[in-house]
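Same order as they appear, the protein sequences are chains A and B. Residue 437, in the numbering used here, is where the first sequence stops; the numbers in between run on with no holes. Residue 134, in the numbering used here, is where the second sequence stops; the numbers in between run on with no holes.
Where hints are given, some of them may not hold.
Dumping the calculated EDC-like pairs for lysine to aspartate or glutamate here, alpha-carbon to alpha-carbon at most 16 Å [what the hints assert, rightly or not]: (1) 53(B) - 7(B); (2) 89(B) - 75(B); (3) 427(A) - 7(B); (4) 25(B) - 54(B); (5) 101(A) - 320(A); (6) 427(A) - 8(B).
I should point out that these hints are in silico values taken from the structure, not numbers from a laboratory.
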Amino acid sequence: MHVDRNEFHPLEVDRIREDFPIFAGDSPIAYLDSAASSQTARCVLEAMDGYYESYRSNIHRGIYHISEEATAAYEDARQKIARFISARRASQVVFTRNTTESINLVAHSWGNANIGRDDEILLTVMEHHSNLVPWQLLAERTGATLRFIEVTDEGLLQLDDLDQLLTERTKLVAITHVSNVLGTINPVWEITAAAHSVGATVLIDAAQSVPHLPVDAQALDCDFLAFSGHKMCGPTGVGVLYGKRELLEEMPPFLGGGSMIRAVQRERSTYADVPARFEAGTPAIAEAIGLGHAVDYLEKIGLDAVHAHEQQIIDYAHQKLSEIDGITIYGPKPRMKAGVITFNLEGIHPHDLAGVLDTTGVAVRAGHHCAQPLMQHYGVIATARASFYLYNTMEDVDRLYDGALKAQNLLARRQG
Amino acid sequence: MNIYEEDILDHYENPSNYGTLEKPDISYEEDNPLCGDQIRMDLEVEDGVIKDVRFSGHGCTISQAAASMLTEEVKGQALDDVKKLSKDDILEMLGIPLGPVRLKCGLLALKVLKAGAYGIKGWPGEEDDEEE
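Between the sequences and the hints, there should be enough to build the whole structure, so can you do that?
Laid out in structure tokens, this is it:
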């Protein structure tokens, strides 16, 4: 399929770029690393400044005006996020630090109480370490067994043998919605339904999907959903755990401290209702408020439009990069994946490629992308990855292409 | 300054002392888990002097060029003097500034050399921190 660089675009990218301070100036960076962390929208920064400048105070329990204002803003952010992912109630949204902490919360609180020695946890080979290592640790604590859905050569989940992998022993299925390396969009709805049919609980790592696609937690019917604010135009330091109400209410606390208690005596305590039970200590108040505004911003633009825009860019990126001699692109074809392209150039270490690209103002990630089992599957140590978001342009792809050719001219001829 | 200076590219293209020794007195290998760069250092030592040295492995330009430069530097040196080589010496050999991530690429060869020769396991420049 040929992509015309100048065809109709689903987003007014020039106008969107004005919302991101980092792209101001005459020679803006070609930022192709949003899968690691996105840029922050100005409205998010302003919302956080507003908190710090005019009503900065701790939330809950403050019997004065600005504390009530801060509490209202924090809880308002929870409402916005609940609506954004179609949660039934705001209390199903727990603020955490990031996806990693959300998953660790489930692994400790739900996992310790529900996983035993004869149980199995089903993962996939394409998981980010954050949705793998917490389960390895849980398996070490409990003696449970980890099993894996394999990945096909084209970068899709090998679901033919899902029926054999899912048994009455399977207590948990923890899968990524979108691969952070390959961009593969996994059929999580089908996997969730299959997992539920054997009585397993399902956690979806939505770090790479919630920022880029419309995600409806109720429609997916997953039991837990985890994502990070910093990948969706929000600040660092705040993430979300969504959970089904009956599960969250049954779960014991994760971290102990202030805010998560109902009454404390010398020897024991009773715990607050959800979500407060899982938010011990002063949370990232400014960041949560900022994330609420990031959600407003994304809703205003529309996740459908964001996804369509990324599809157009990824089509063009595939077409353009495929012209390069000696390139290997990993993962599925465009239209079957999100805005991520992972590749290697023959004879060039991805660190060197990223280094040369950096000299031309193009930021890509190079390495194992916290997905070493997937790298092992492809038999590579590292790859280069360009990832796109609503503010990226076709020109960014051209700059990636030009930089890759520059790296080849500089480095590939030297392979001996 | 461009980190892909000709000097570095030359060392990458035509590394000095590349290969292995048949009967090394010291042989040590390590990788940088961050990027998979891998370096092995073989040393032949006689009367406390490095008589011969070879390195092998794979990785990015910086890691391989630094290894090549380091072998040139230490050949003929007293083994005790190698212990004094520091992060700054490597940066001087490379002649370019390196950010924190690429710094590890540049220092891997020295790390392997010191680990093999003296059992010093930390990254050059960070050993003191680890002892505290």
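For this session: Take the C-alpha atoms of residue 25(B) and residue 54(B), compute the straight-line distance between them, and say whether it is at most 16 Å.
Result: Between residue 25(B) and residue 54(B) the Cα gap is close to 11 Å, so the pair holds against 16 Å.
For this session: Assess, step by step, whether the Cα of residue 427(A) is no farther than 16 Å from the Cα of residue 7(B), and give holds or violated.
Result: holds, 14 Å
Problem set entry | Hint consistency between residue 53(B) and residue 7(B) [alpha-carbon to alpha-carbon, up to 16 Å] | violated, 30 Å
For this session: Measure nothing beyond the straight line between the CA atoms of residue 101(A) and residue 320(A); if it is 16 Å or shorter, mark the hint as holding.
Result: holds, 10 Å
Exercise. Is the straight-line distance between the alpha-carbon of residue 427(A) and that of residue 8(B) 16 Å or less?
Worked result: Roughly 15 Å separates the two Cα atoms, so the pair holds.
Exercise. Are residue 89(B) and residue 75(B) close enough, with their CA atoms no more than 16 Å apart?
Worked result: holds, 14 Å
Of the numbered hints given earlier, the model fails hint 1 alone.
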